[in-house]
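Using the sequences plus the hints, can you model the full thing?
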Amino acid sequence: MGLRITYICPRVPFYTLFLVLNSTPHRTTLGLFAVVLTMSSVSDTQVGLQGLLNVTADSLADYCGLTGDQQENPVFLDRQLGLLQRNPSQSAINSEFCAKYLPALVDAYNAQDTAFSVPMRMLNVVAYLPYFARFLLITAKTSICNTQARRMAAASSAPADPTYLVEMCQFLSTLLALQGTNSVSEEDKHALLPKLREWNRKYQRQQITRCLKQLEGDPETTVVANGLKQHCEKVLNECGFDGCGKSGTSKLLQCSRCKTAVYCDRDHQKKSWPFHKATCFPAAF
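Note that this note's numbering has the sequence shown beginning at 4, numbered continuously upward.
Each hint should be verified, as a subset may be incorrect.
Here are the simulated lysine-lysine pairs, PhoX-like style, with alpha carbons at most 25 Å apart [to be verified]:
1. Lys-254 / Lys-274
2. Lys-274 / Lys-216
3. Lys-280 / Lys-249
4. Lys-249 / Lys-274
5. Lys-262 / Lys-280
6. Lys-232 / Lys-249
7. Lys-205 / Lys-237
8. Lys-280 / Lys-254
9. Lys-198 / Lys-216
10. Lys-249 / Lys-273
11. Lys-232 / Lys-254
12. Lys-262 / Lys-274
13. Lys-262 / Lys-273
14. Lys-216 / Lys-232
15. Lys-237 / Lys-274
16. Lys-237 / Lys-280
17. Lys-254 / Lys-237
18. Lys-192 / Lys-205
19. Lys-205 / Lys-216
20. Lys-192 / Lys-216
21. Lys-232 / Lys-262
22. Lys-192 / Lys-232
23. Lys-249 / Lys-237
24. Lys-262 / Lys-249
25. Lys-198 / Lys-237
26. Lys-254 / Lys-273
These are calculated hints, taken from the structure and not from any lab test.
The structure is reproduced here in structure tokens:
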């Protein structure tokens, strides 16, 4: 049962609270409700809600626990990721997040030992970006793919929420495409495959199926995975000017700001800027 209570204050705009009543269903006569709030509590709550609704690279970092003394907030991160999916600036926000916080996010991921975590979830969100592909190529000291596979293999049980399992498998599937199935040790592969087969039978989700087939070496899935890798790394190896197509990293000029775009000459770089600038941010790596 949901009860909508409206607080009216002459100095504060109309403010609505939603009170969820978790009680045994029964017939209730609603009379007069008095909601007593101080001006400061209303103001603080408004600011908090506005901050939650305003998804930025910095707010995502806050809820991932990457800034100052801020602790992880899985609930607020979940809300912001939901809002981000419907945000037309999603790619720009994720790109800025990667440019500023990707090294710290990977450090936070490595510091934990569970298959599903806040850092893992955020890495899964940005794994399609060239920032992440570049990080794997030049910065990652260990195979994130092997780490994720090992953690999933060691998990005593699947997450209670199947959505989390799907995210875990989607992340591992992307890593398998970018870093290769050979990055997973035979021991971990042997331990993980039975679990993936069980999860696949139980939940029948395409992310689980794809992950399973990649580790099994299915030829068709391997072709698709190679295509994903080429797509993610294309902007790192091919002139970013639309229609150019020249490749070869040794002969291309790298964007000095984001380091995730290359061009065959400055003329093509200049002409591409109106399209590139939305996702171009100074990279911290």
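Each hint tested on the structure:
no.: 1; hint: Lys-254 / Lys-274; verdict: 19 Å, holds
no.: 2; hint: Lys-274 / Lys-216; verdict: 42 Å, violated
no.: 3; hint: Lys-280 / Lys-249; verdict: 21 Å, holds
no.: 4; hint: Lys-249 / Lys-274; verdict: 15 Å, holds
no.: 5; hint: Lys-262 / Lys-280; verdict: 12 Å, holds
no.: 6; hint: Lys-232 / Lys-249; verdict: 18 Å, holds
no.: 7; hint: Lys-205 / Lys-237; verdict: 36 Å, violated
no.: 8; hint: Lys-280 / Lys-254; verdict: 22 Å, holds
no.: 9; hint: Lys-198 / Lys-216; verdict: 13 Å, holds
no.: 10; hint: Lys-249 / Lys-273; verdict: 16 Å, holds
no.: 11; hint: Lys-232 / Lys-254; verdict: 21 Å, holds
no.: 12; hint: Lys-262 / Lys-274; verdict: 17 Å, holds
no.: 13; hint: Lys-262 / Lys-273; verdict: 15 Å, holds
no.: 14; hint: Lys-216 / Lys-232; verdict: 16 Å, holds
no.: 15; hint: Lys-237 / Lys-274; verdict: 19 Å, holds
no.: 16; hint: Lys-237 / Lys-280; verdict: 18 Å, holds
no.: 17; hint: Lys-254 / Lys-237; verdict: 15 Å, holds
no.: 18; hint: Lys-192 / Lys-205; verdict: 20 Å, holds
no.: 19; hint: Lys-205 / Lys-216; verdict: 16 Å, holds
no.: 20; hint: Lys-192 / Lys-216; verdict: 12 Å, holds
no.: 21; hint: Lys-232 / Lys-262; verdict: 18 Å, holds
no.: 22; hint: Lys-192 / Lys-232; verdict: 21 Å, holds
no.: 23; hint: Lys-249 / Lys-237; verdict: 11 Å, holds
no.: 24; hint: Lys-262 / Lys-249; verdict: 17 Å, holds
no.: 25; hint: Lys-198 / Lys-237; verdict: 33 Å, violated
no.: 26; hint: Lys-254 / Lys-273; verdict: 17 Å, holds
The earlier numbered hints that this structure contradicts are 2, 7, 25.
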